[in-house]
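K.L.:
Take a look at the letters that make up each chain.
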Amino acid sequence: MAQTYTRPDFRLTPTPEGDDVVFWTGGEDDRLMIHRCRSCEQYFHPPAPACFRCRSRDVASEPVSGRGRVATFTVNRQPWLPTLPPPYVIVLVELEEQPDVRIFSQLVDVDPAEVRIGDEVEVFFEHWAPEGGTEVWLPLFRPVPPSVDAATVSGEDA
Amino acid sequence: MAQTYTRPDFRLTPTPEGDDVVFWTGGEDDRLMIHRCRSCEQYFHPPAPACFRCRSRDVASEPVSGRGRVATFTVNRQPWLPTLPPPYVIVLVELEEQPDVRIFSQLVDVDPAEVRIGDEVEVFFEHWAPEGGTEVWLPLFRPVPPSVDAATVSGEDA
Amino acid sequence: MRRVAMVGAGMTKFKEHFDLGIKELVPMAVSEMAASVDKGLDRSDIEAAWFGELTTSDGFPAGILADSCGLLDIPVTRVENACATGNDAVRNAMYAVASGIVDVALVVGADKVRESSSRSTFWEWAALTRDVAWDYPLGLVAPANFALHAARYLHESGATREHMAMVAVKNHRHALTNPKAQLRFEITVEQVLRAPTVVEPFGLYDCTPQSDGAAAVLLVSEEVADRYTDRPVWVRGVGLGLDRVMHQHKQDMTSFPPTVKAARAAYAMAGIGPADIDVAEVHDCFSAVELISYEDLGFCDRFGAAALVESGATTFEGSRPVNLSGGLKAKGHPPGATGVSQNVELFEQLRGDAHNQLDTPTYALAHNIGGPTAVSAVTILSTEKD
Amino acid sequence: MRRVAMVGAGMTKFKEHFDLGIKELVPMAVSEMAASVDKGLDRSDIEAAWFGELTTSDGFPAGILADSCGLLDIPVTRVENACATGNDAVRNAMYAVASGIVDVALVVGADKVRESSSRSTFWEWAALTRDVAWDYPLGLVAPANFALHAARYLHESGATREHMAMVAVKNHRHALTNPKAQLRFEITVEQVLRAPTVVEPFGLYDCTPQSDGAAAVLLVSEEVADRYTDRPVWVRGVGLGLDRVMHQHKQDMTSFPPTVKAARAAYAMAGIGPADIDVAEVHDCFSAVELISYEDLGFCDRFGAAALVESGATTFEGSRPVNLSGGLKAKGHPPGATGVSQNVELFEQLRGDAHNQLDTPTYALAHNIGGPTAVSAVTILSTEKD
Ligand SMILES: [Zn+2]
Ligand SMILES: [Zn+2]
Numbered sequence: 001m002a003q004t005y006t007r008p009d010f011r012l013t014p015t016p017e018g019d020d021v022v023f024w025t026g027g028e029d030d031r032l033m034i035h036r037c038r039s040c041e042q043y044f045h046p047p048a049p050a051c052f053r054c055r056s057r058d059v060a061s062e063p064v065s066g067r068g069r070v071a072t073f074t075v076n077r078q079p080w081l082p083t084l085p086p087p088y089v090i091v092l093v094e095l096e097e098q099p100d101v102r103i104f105s106q107l108v109d110v111d112p113a114e115v116r117i118g119d120e121v122e123v124f125f126e127h128w129a130p131e132g133g134t135e136v137w138l139p140l141f142r143p144v145p146p147s148v149d150a151a152t153v154s155g156e157d158a
Numbered sequence: 001m002a003q004t005y006t007r008p009d010f011r012l013t014p015t016p017e018g019d020d021v022v023f024w025t026g027g028e029d030d031r032l033m034i035h036r037c038r039s040c041e042q043y044f045h046p047p048a049p050a051c052f053r054c055r056s057r058d059v060a061s062e063p064v065s066g067r068g069r070v071a072t073f074t075v076n077r078q079p080w081l082p083t084l085p086p087p088y089v090i091v092l093v094e095l096e097e098q099p100d101v102r103i104f105s106q107l108v109d110v111d112p113a114e115v116r117i118g119d120e121v122e123v124f125f126e127h128w129a130p131e132g133g134t135e136v137w138l139p140l141f142r143p144v145p146p147s148v149d150a151a152t153v154s155g156e157d158a
Numbered sequence: 001m002r003r004v005a006m007v008g009a010g011m012t013k014f015k016e017h018f019d020l021g022i023k024e025l026v027p028m029a030v031s032e033m034a035a036s037v038d039k040g041l042d043r044s045d046i047e048a049a050w051f052g053e054l055t056t057s058d059g060f061p062a063g064i065l066a067d068s069c070g071l072l073d074i075p076v077t078r079v080e081n082a083c084a085t086g087n088d089a090v091r092n093a094m095y096a097v098a099s100g101i102v103d104v105a106l107v108v109g110a111d112k113v114r115e116s117s118s119r120s121t122f123w124e125w126a127a128l129t130r131d132v133a134w135d136y137p138l139g140l141v142a143p144a145n146f147a148l149h150a151a152r153y154l155h156e157s158g159a160t161r162e163h164m165a166m167v168a169v170k171n172h173r174h175a176l177t178n179p180k181a182q183l184r185f186e187i188t189v190e191q192v193l194r195a196p197t198v199v200e201p202f203g204l205y206d207c208t209p210q211s212d213g214a215a216a217v218l219l220v221s222e223e224v225a226d227r228y229t230d231r232p233v234w235v236r237g238v239g240l241g242l243d244r245v246m247h248q249h250k251q252d253m254t255s256f257p258p259t260v261k262a263a264r265a266a267y268a269m270a271g272i273g274p275a276d277i278d279v280a281e282v283h284d285c286f287s288a289v290e291l292i293s294y295e296d297l298g299f300c301d302r303f304g305a306a307a308l309v310e311s312g313a314t315t316f317e318g319s320r321p322v323n324l325s326g327g328l329k330a331k332g333h334p335p336g337a338t339g340v341s342q343n344v345e346l347f348e349q350l351r352g353d354a355h356n357q358l359d360t361p362t363y364a365l366a367h368n369i370g371g372p373t374a375v376s377a378v379t380i381l382s383t384e385k386d
Numbered sequence: 001m002r003r004v005a006m007v008g009a010g011m012t013k014f015k016e017h018f019d020l021g022i023k024e025l026v027p028m029a030v031s032e033m034a035a036s037v038d039k040g041l042d043r044s045d046i047e048a049a050w051f052g053e054l055t056t057s058d059g060f061p062a063g064i065l066a067d068s069c070g071l072l073d074i075p076v077t078r079v080e081n082a083c084a085t086g087n088d089a090v091r092n093a094m095y096a097v098a099s100g101i102v103d104v105a106l107v108v109g110a111d112k113v114r115e116s117s118s119r120s121t122f123w124e125w126a127a128l129t130r131d132v133a134w135d136y137p138l139g140l141v142a143p144a145n146f147a148l149h150a151a152r153y154l155h156e157s158g159a160t161r162e163h164m165a166m167v168a169v170k171n172h173r174h175a176l177t178n179p180k181a182q183l184r185f186e187i188t189v190e191q192v193l194r195a196p197t198v199v200e201p202f203g204l205y206d207c208t209p210q211s212d213g214a215a216a217v218l219l220v221s222e223e224v225a226d227r228y229t230d231r232p233v234w235v236r237g238v239g240l241g242l243d244r245v246m247h248q249h250k251q252d253m254t255s256f257p258p259t260v261k262a263a264r265a266a267y268a269m270a271g272i273g274p275a276d277i278d279v280a281e282v283h284d285c286f287s288a289v290e291l292i293s294y295e296d297l298g299f300c301d302r303f304g305a306a307a308l309v310e311s312g313a314t315t316f317e318g319s320r321p322v323n324l325s326g327g328l329k330a331k332g333h334p335p336g337a338t339g340v341s342q343n344v345e346l347f348e349q350l351r352g353d354a355h356n357q358l359d360t361p362t363y364a365l366a367h368n369i370g371g372p373t374a375v376s377a378v379t380i381l382s383t384e385k386d
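Read top to bottom, the protein sequences are chains R, E, S and C. Residue 1 is where the first sequence starts when you use my numbering, and the numbers rise one by one after that. Residue 1 is where the second sequence starts when you use my numbering, and the numbers rise one by one after that. Residue 1 is where the third sequence starts when you use my numbering, and the numbers rise one by one after that. Residue 1 is where the fourth sequence starts when you use my numbering, and the numbers rise one by one after that.
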């Protein structure tokens with residue numbers, strides 16, 4: 001059974017600098033922004049001033065579809081982080097555009113017991129404006145199609 | 001001219017553990033407690049479970065006179081620590097009982113311009129009971145004789 | 001290069017030493033090491049030291065070693081390489097002795113996981129390091145890094161949580177006779193599977209405990225080895241391998257390339273292959289990591305680890321026992337000390353003095369992986385000089 | 001041991017690189033080093049690397065070097081030894097090449113003093129380390145450690161603040177021609193004496209600035225040196241010395257025993273004495289530290305430093321110039337990079353390529369002290385192989 005995600009009361013949000021800013025703020029326009037090398041044309045993540053494959057510095061962020069698949073996942077059941085009550089699903093998503101580009105995130109709106117490697121997922125953004133901090137839009141993921149049918153779809157996939 | 005010391009509004013106080021506790025709390029009974037080795041009979045500081053000279057573990061704190069001399073000193077004039085406004089005198093005191101045993105502290109009740117290496121000083125204690133922290137008695141030093149005559153005495157000494 | 005012999009080895013018990021700091025643990029390990037030197041060690045013989053310490057909560061590490069051991073007239077280098085710190089300290093000391101510049105080198109590894117680090121302090125600390133900015137906002141805690149690999153490994157290899165449990169059960173059983181081990185009790189596969197989940201697929205018994213401790217070994221040149229013992233152990237191979245730090249850049253989630261690289265280098269230097277290894281200490285911070293490492297070290301084929309552990313080959317009674325000390329899982333894991341302590345265990349095995357003593361092993365291998373999966377160090381020891 | 005040659009050296013500008021992190025600075029220094037190799041460097045020749053980094057604000061150091069330079073197939077060891085980190089990284093790499101195991105070794109030093117560390121964060125960080133519990137409650141900040149030594153040194157030696165100022169004036173003047181230096185402007189003794197006091201007896205111009213930067217050198221074995229250059233510089237001596245960490249345990253406040261020990265070891269290995277040194281880079285984090293170090297390195301007798309600096313012997317025009325780069329004082333001081341950058345300066349001097357070029361110097365010495373006065377590293381370079 002899918003579980004409906006409730007936004008937590010607090011998250012430790014990043015204070016993005018330099019190349020990271022576009023990734024953490026792209027959600028303002030509902031876009032998942034991923035760095036791409038204009039020399040070898042490969043995407044890469046996290047953003048950096050140079051392509052880790054060909055060392056080219058001709059790199060910039062581009063919007064991607066925000067869709068992908070579960071490369072791997074884990075369900076955390078320990079209260080490590082005081083403001084994120086367990087259980088929650090930590091997921092490594094491989095991008096539809098280029099599966100060897102992967103993004104860590106949380107997978108929500110899903111029963112942890114029903115997640116499978118290979119499940120289709122899509123991004124959405126959670127807006128945070130911490131006092132004294134930087135405004136960010138955290139990219140989270142949920143199953144495709146979202147909500148109650150997710151468990152069934154991903155079940156077939158496993 | 002001597003300056004009269006005013007207790008600051010706040011200090012970062014230590015949270016003593018193990019061998020350190022006696023040093024930071026001896027002031028409750030107005031005693032400067034210094035570790036001594038029962039094997040080689042030498043004092044040493046800071047306290048440790050073994051004598052750094054002979055490695056004996058037969059060590060314990062003993063009260064000392066609290067008197068000594070300025071081994072060296074510096075006047076800090078930069079606001080490094082937000083709660084300790086400059087200028088203040090940082091002193092390394094050599095103990096009357098054994099001059100190669102030295103204690104870092106602050107020298108107060110003195111005009112920074114009048115301090116000299118070799119000046120006689122004596123301990124007093126400043127009590128702190130930080131919220132959620134450990135109660136401690138910080139050993140500070142002032143000239144001998146204390147108060148307004150200190151500058152003159154230390155001046156003769158230089 | 002000159003041949004390098006290990007002639008002494010010792011360690012503290014691994015446990016939560018609430019009452020002892022690094023400054024107490026380090027000299028305890030050095031004293032144990034000195035006591036193990038057959039013909040005795042005059043400490044003034046020590047010409048240089050390498051100190052593996054991951055965290056620095058107690059101050060300036062090289063100075064702490066010199067101060068606490070009274071070794072103030074020799075150089076001390078701190079080496080840090082995530083959880084591969086201990087075996088990298090051995091590697092650097094080995095180079096110095098092999099060079100002909102140093103005849104007698106001390107290697108110490110130690111860590112103290114301070115109990116005083118409250119959650120709020122941890123958060124402040126975490127906020128200081130940049131890369132975690134990519135992890136914590138979305139709940140990615142350290143054990144989850146390995147859990148993501150393990151989940152994918154189970155998915156691709158066909159291994160199950162039962163195979164992971166067999167590793168934990170085996171290592172707990174091995175630790176029963178080890179007086180230095182932190183967890184000296186037997187567990188069953190059922191207990192492992194029924195234990196509370198930490199981060200899937202890891203239950204409580206799939207994870208190493210939090211430990212404090214120190215370990216020390218003494219390396220000397222071939223010219224002076226017989227001053228110290230008539231039964232030296234030879235440092236035959238050392239290797240260190242790296243991979244991209246970012247998980248997102250790793251190609252294959254079911255193998256750790258740093259281990260493959262480190263092992264390749266160490267085997268090449270030793271002039272042997274994985275089949276020659278009689279006994280090994282393998283990094284098992286999580287049970288699945290031991291399985292993956294069997295494959296990366298060449299102890300079995302790709303995705304052959306489940307069958308290997310099922311066969312019992314890696315138990316004390318098997319053909320190639322792994323983690324006779326109890327491993328990180330049951331012996332404990334103070335990061336800087338772990339690699340050095342693996343060498344302590346193997347030194348004793350190769351000299352016939354170990355608790356789970358094998359019948360005349362010749363080649364032994366120690367392995368770490370860390371960072372969390374960005375660096376690996378491998379050391380190969382042998383009773384044979386060449 | 002095999003002879004070890006330095007065949008390449010490069011560095012970034014030292015300054016507050018607000019827009020660049022360690023991951024950008026390290027590859028910049030490595031590229032500069034590679035460009036300095038006379039016959040070119042194929043990066044796949046590099047067999048191992050040593051990375052000197054004091055702080056770790058950017059994550060796992062060995063991984064950062066490998067990742068940012070694309071050096072993923074070689075071992076990387078992080079060495080940390082307080083402000084002696086850079087020269088200790090050179091020392092460890094030198095051992096590896098001397099051993100015969102590594103032919104081509106990269107040494108990188110780098111540090112980035114992050115501007116984001118606000119006071120509150122600093123306090124949290126300070127609270128994590130134990131020894132500071134002895135200092136901060138009573139206002140003992142880091143520069144005060146050296147100030148206490150300097151005050152006692154002036155008291156006993158008869159040197160004055162003017163002598164300290166001469167060091168600062170000299171090093172600022174030397175930096176004028178150094179494109180990598182952070183502070184390229186001349187100052188006068190009067191300006192130094194009139195500048196605001198930081199912590200007595202140090203005024204603003206007696207103190208090194210806060211800097212970011214990276215430096216790199218390439219060490220190769222004598223067998224392969226001529227593949228890279230026909231004019232190698234030889235690493236003739238390395239030494240590291242320690243002292244008790246606690247100031248309270250130091251016997252003499254006017255000398256730094258770690259320097260004496262490190263220099264003795266390096267001179268002995270090189271087979272020379274202080275009188276043979278033609279040019280030196282000496283740790284001048286504070287002006288008085290250069291004076292005390294003249295004595296500890298044997299450049300003059302005890303309490304002879306004031307007369308030495310007064311004579312002009314340590315200026316570019318003098319008989320034994322010190323800190324032709326500008327020193328930490330004017331070139332800057334990113335701790336992990338500092339020692340390696342001293343080697344960069346001396347490599348250029350010995351090859352005739354330096355900005356303040358001397359007339360055919362033969363022996364050069366690099367020196368660090370840190371922790372704050374608990375460890376020193378000394379490296380001796382020469383145009384002469386033996
Ligand atoms: Zn590219
Ligand atoms: Zn004693």
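Because the hints were derived from the structure by calculation, they are not lab data. Don't take each hint at face value.
[To be verified] Each computed DSBU-like pair below joins lysine-lysine, with the alpha-carbon atoms no more than 35 Å apart:
1) S/K250 x S/K15
2) S/K13 x S/K385
3) C/K39 x C/K13
4) C/K13 x S/K13
5) S/K385 x S/K39
6) C/K250 x C/K15
7) S/K250 x C/K250
8) C/K250 x S/K385
Since the structure is predicted, the reported quantities are computational estimates derived from the model, not experimental observations.
K.L.:
Each of the hints needs a verdict: does it hold here or not?
P.N.:
We went through each hint and held it up to the structure:
no., hint, result
1, S/K250 x S/K15, "holds (34 Å)"
2, S/K13 x S/K385, "holds (30 Å)"
3, C/K39 x C/K13, "holds (24 Å)"
4, C/K13 x S/K13, "violated (48 Å)"
5, S/K385 x S/K39, "holds (20 Å)"
6, C/K250 x C/K15, "holds (34 Å)"
7, S/K250 x C/K250, "violated (50 Å)"
8, C/K250 x S/K385, "violated (44 Å)"
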